[in-house]
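Residue numbers (full-length UniProt numbering), protein chains in the order written: chain F, 1 to 291; chain X, 1 to 258; chain U, 1 to 312.
It is worth saying that the hints were derived from the structure and are not from the lab. Only a predicted model underlies this, so the values are computations on that prediction, with no experimental measurement involved. Honestly, I wouldn't trust all of these hints.
What the hints assert, rightly or not - Derived, one-sided and incomplete: chain U residues facing chain X with beta-carbon distance under 8 Å:
#, residue
1, Pro-88
2, Ile-179
3, Ser-180
4, Asp-184
5, Ile-193
6, Ile-276
Said to hold, decoys possible - In silico DSSO-like pairs for lysine-lysine, Cα to Cα no more than 30 Å straight-line:
#, chain 1, residue 1, chain 2, residue 2
7, X, Lys-93, U, Lys-113
8, X, Lys-139, X, Lys-152
9, X, Lys-110, U, Lys-5
10, U, Lys-296, X, Lys-93
11, F, Lys-32, U, Lys-5
12, U, Lys-113, X, Lys-73
What the hints assert, rightly or not - Far from chain X by the CB rule (all over 10 Å, computed), these chain U residues:
#, residue
13, Gln-22
14, Asn-36
15, Met-81
16, Gly-143
17, Arg-176
18, Ala-264
19, Glu-271
20, Pro-289
All residues carry an ideal CB built from backbone N, CA and C; glycine is no exception.
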Amino acid sequence: MEWLQQLVNGISLGSIYALIALGYTMVYGIIKLINFAHGDVFMLGAFIGFYAIARWDLGFFPALIISMLLCAIIGVIIERVAYKRLRNATRIAALITAIGVSLLIEYTVIFFRGASPEAYPEVLPNTSISILGASISSQSIMILAVTIVLMILLQFIVHKTKIGKAMRAVSHDADAARLMGINVDNTISATFAIGSALAGAAGVIFGVYYTRIEPLMGVLPGLKAFVAAVLGGIGSIPGAMVGGLVLGVVETIVSALGYSLWRDAAAFVILILILILKPSGIFGKNAREKV
Amino acid sequence: MSNLLLTAEKVGIQFGGLKAVQNVNMYLNKGELIGLIGPNGAGKTTTFNMLTGVYQPTEGTITFDGKKLNGLKPFQVTKLGISRTFQNIRLFKDLSVLDNVKVANHNLAKHSLLASILRLPSHFAGEAKMEKESIEFLKIFGLDVYKDELAKNLPYGMQRRLEIARALAANPKLLLLDEPAAGMNPQETHDLMELIAFIRKEFDLTILLIEHDMHLVMGICERIYVLDHGQLIADGTPEEIRNNPKVIEAYLGEEVID
Amino acid sequence: MKKSKAFWGFLVLALVIYAVVQGMISGGILDLYYQNILIQMCINIMLAVSLHIVIGVTGQFSIGHAGFMAVGAYISAIATMKLGLSLPVAIIMGAVISALAGLLVGIPSLRLKGDYLAIATLGFAEIIRIIFLNVDYVGGAAGMVVTNMTTWTYAFVGVVITILVIANFTNSRHGRGCISIREDEIASDAMGINTTYYKVVAFTIGSFFAGVAGAIYAHNFFIIQPTTFNFLKSFDILIYVVLGGLGSLSGATIAAIFLTIVSAYLANFPETRMIIYSLVLIIVMLYRPTGLMGTKEITSLFKFGKKGGSKV
Chain F
1 MEWLQQLVNG ISLGSIYALI ALGYTMVYGI IKLINFAHGD VFMLGAFIGF
51 YAIARWDLGF FPALIISMLL CAIIGVIIER VAYKRLRNAT RIAALITAIG
101 VSLLIEYTVI FFRGASPEAY PEVLPNTSIS ILGASISSQS IMILAVTIVL
151 MILLQFIVHK TKIGKAMRAV SHDADAARLM GINVDNTISA TFAIGSALAG
201 AAGVIFGVYY TRIEPLMGVL PGLKAFVAAV LGGIGSIPGA MVGGLVLGVV
251 ETIVSALGYS LWRDAAAFVI LILILILKPS GIFGKNAREK V
Chain X
1 MSNLLLTAEK VGIQFGGLKA VQNVNMYLNK GELIGLIGPN GAGKTTTFNM
51 LTGVYQPTEG TITFDGKKLN GLKPFQVTKL GISRTFQNIR LFKDLSVLDN
101 VKVANHNLAK HSLLASILRL PSHFAGEAKM EKESIEFLKI FGLDVYKDEL
151 AKNLPYGMQR RLEIARALAA NPKLLLLDEP AAGMNPQETH DLMELIAFIR
201 KEFDLTILLI EHDMHLVMGI CERIYVLDHG QLIADGTPEE IRNNPKVIEA
251 YLGEEVID
Chain U
1 MKKSKAFWGF LVLALVIYAV VQGMISGGIL DLYYQNILIQ MCINIMLAVS
51 LHIVIGVTGQ FSIGHAGFMA VGAYISAIAT MKLGLSLPVA IIMGAVISAL
101 AGLLVGIPSL RLKGDYLAIA TLGFAEIIRI IFLNVDYVGG AAGMVVTNMT
151 TWTYAFVGVV ITILVIANFT NSRHGRGCIS IREDEIASDA MGINTTYYKV
201 VAFTIGSFFA GVAGAIYAHN FFIIQPTTFN FLKSFDILIY VVLGGLGSLS
251 GATIAAIFLT IVSAYLANFP ETRMIIYSLV LIIVMLYRPT GLMGTKEITS
301 LFKFGKKGGS KV
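With the hints as extra help, turn the sequences into a complete structure.
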């Protein structure tokens with residue numbers, strides 16, 4: 001049952017995309033900014049997890065939590081320092097700033113520690129379990145479990161807590177939310193914190209699963225996670241999850257068919273098809289400019 | 001030959017499930033000056049947007065000068081001879097006053113892309129003609145002295161006038177004015193009324209205008225259509241509209257018609 | 001005719017610059033290292049100006065310009081190395097195919113706006129790069145060996161033609177149509193401008209000259225590889241346009257010249273270069289989002305005295 005195995009690989013990859021895509025989609029939903037630096041927060045998360053495990057001898061879960069916390073702080077700092085002033089700027093100015101922040105993070109990391117990759121230490125037992133004749137690594141299952149828990153947690157925060165309600169209100173209409181007494185600035189910061197924490201978690205999971213991390217590792221998964229967010233309908237949380245999983249599975253299938261060099265192109269082909277055929281994505285709503 | 005310039009038959013549009021405008025029947029004769037009034041949110045601007053191709057009506061047909069407008073894009077509608085102004089002024093803010101008019105004059109010029117890139121004689125001739133014609137339009141509106149200023153630096157009233165000048169430069173048969181007097185003081189409004197009457201005669205225009213200023217509408221329009229909640233509730237001469245109970249009811253609490 | 005005065009002024013200036021530089025090269029003042037920087041500068045100016053017509057003039061946010069540069073580079077390299085054609089023919093071939101690629105990419109994606117367009121162009125550029133990566137005929141990931149044929153003269157003539165064509169285009173009814181799209185697409189449409197047509201025209205012209213730049217680039221080094229044309233290259237080009245001023249041709253040119261010199265000095269410190277670039281990008285966007293020149297041209301700086309009186 002090689003196909004089942006490939007499907008599990010695809011879902012594992014897809015759940016990493018989904019975790020990153022959630023941050024993209026939440027931030028876009030609330031301030032209409034494609035946060036290009038998000039992929040680099042993912043990279044920082046992977047490195048924080050690496051240092052926590054390799055240097056401080058922590059286990060997987062403590063490393064995951066430290067990485068998520070630090071990434072949340074980094075996300076808030078990025079928002080406060082670079083993006084906050086741009087709330088009323090043009091979309092182009094905001095996008096260029098985001099590109100700038102992304103490059104700054106990447107090359108600052110390279111400046112201080114060089115561009116060489118690191119090998120992630122093995123923190124999770126890696127035994128193969130045989131299900132329906134397919135051999136599936138225990139890591140894959142662990143990753144899936146962690147992702148599902150984080151997503152349930154996110155759904156809980158967004159739908160059941162006060163800050164989640166505030167986030168939904170601000171993304172619907174920031175001015176009206178402000179008039180209703182919601183602290184818009186804090187809500188936006190909270191969105192960045194949550195999104196960045198998820199990216200941090202994705203970074204650690206990526207490191208454990210693929211074992212190789214380097215300072216530019218965030219670029220491509222970041223772009224692909226954005227594709228996932230667009231595919232699912234940008235601004236939609238379930239959309240990001242579904243989009244991430246679909247993209248992961250599609251990429252794995254393309255590789256499995258023997259076209260691994262074309263794998264990266266698959267994501268962009270999907271992006272362009274979805275942008276041209278249904279720009280609002282699977283779960284998105286249509287927006288119309290007022291004349 | 002028929003005197004009819006534009007007809008709208010059972011025109012309507014839906015946004016999602018909401019019927020913003022429905023069952024609008026309208027006709028405009030050549031040379032008429034018609035008003036379109038109604039309370040806020042009645043669908044006046046939406047109707048304009050359907051007439052100019054910005055929105056595609058989901059029902060009904062619009063015919064202009066013998067041609068069906070349904071399915072045409074705004075620039076195609078403009079080429080056929082309908083041009084407009086916007087409720088919330090949409091000038092090209094960072095272009096000069098002259099260039100704003102030149103953009104609208106675009107379709108009257110013939111020189112090709114290649115002629116411009118290679119700077120062929122036809123380019124220079126074409127551009128010189130555009131410049132001359134555009135300045136003529138500015139003169140009518142008393143804007144020629146500001147031709148090199150950026151549009152955004154003009155005072156508000158001048159910006160409204162420039163928008164009309166720009167619309168006129170597109171060589172329309174039908175001019176749609178969306179609240180041309182909004183935000184103007186009584187003196188400016190008075191001048192504007194005279195100006196509208198003048199250009200109508202000078203350029204042999206048909207004009208449809210949305211306006212909240214009842215003095216202006218009642219004063220210069222020959223016929224008036226009244227929209228409320230997306231439907232036409234009345235049409236007729238200013239006198240008839242003034243005494244129409246439905247209109248008075250629609251406007252109750254909005255403003256007084258005198 | 002003040003416009004034609006600027007035109008002749010530009011030609012004279014170009015001839016003077018060429019004569020001076022050529023004199024310095026013949027006199028041995030500029031060695032190969034400096035000549036190479038000059039060629040690099042010319043390539044970057046062409047890239048900057050060709051992106052300027054898309055972003056600065058027409059207001060369409062493309063971040064995939066390196067893709068078209070790649071098309072020009074690879075097609076011209078095939079022309080000289082595989083088909084044995086001369087460099088000028090190769091440059092034209094590269095540019096034409098690149099313009100066709102621009103047309104193909106532009107027609108579907110220019111219906112999109114703002115962020116979505118940006119991402120779509122980035123996606124297309126990556127697809128173009130991945131195609132070259134997978135075609136063994138052009139060497140795949142290892143790249144393609146290309147003979148060094150570019151001279152300072154080719155590069156300079158390329159710049160002059162690029163600037164002339166794009167300036168002529170911009171200062172015409174066609175260019176005004178494009179600018180009106182940048183200013184307000186809905187109003188532009190309502191004034192009778194076929195916005196889709198002009199967006200595609202600007203995009204195609206931009207791709208054409210990115211192709212010229214790519215062709216000259218390909219023949220200036222000994223090898224071209226797909227990784228050269230990744231989105232970092234696209235961002236490099238974007239920085240010229242943004243820093244110079246969105247809408248200013250001279251601004252984009254000046255930024256390209258300035259940043260080429262900065263790059264040359266920081267050639268041994270690529271990380272530092274990128275940190276400086278990114279900081280400049282962020283700071284410019286936060287404090288002067290219109291770029292250094294805004295939409296102004298360098299020529300208008302000399303007219304200030306005359307214009308001051310007519311303020312409303």
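Unsatisfied constraints (hint numbers, rising): The structure conflicts with hints 1, 6, 11 and 17, although it agrees with all the remaining ones.
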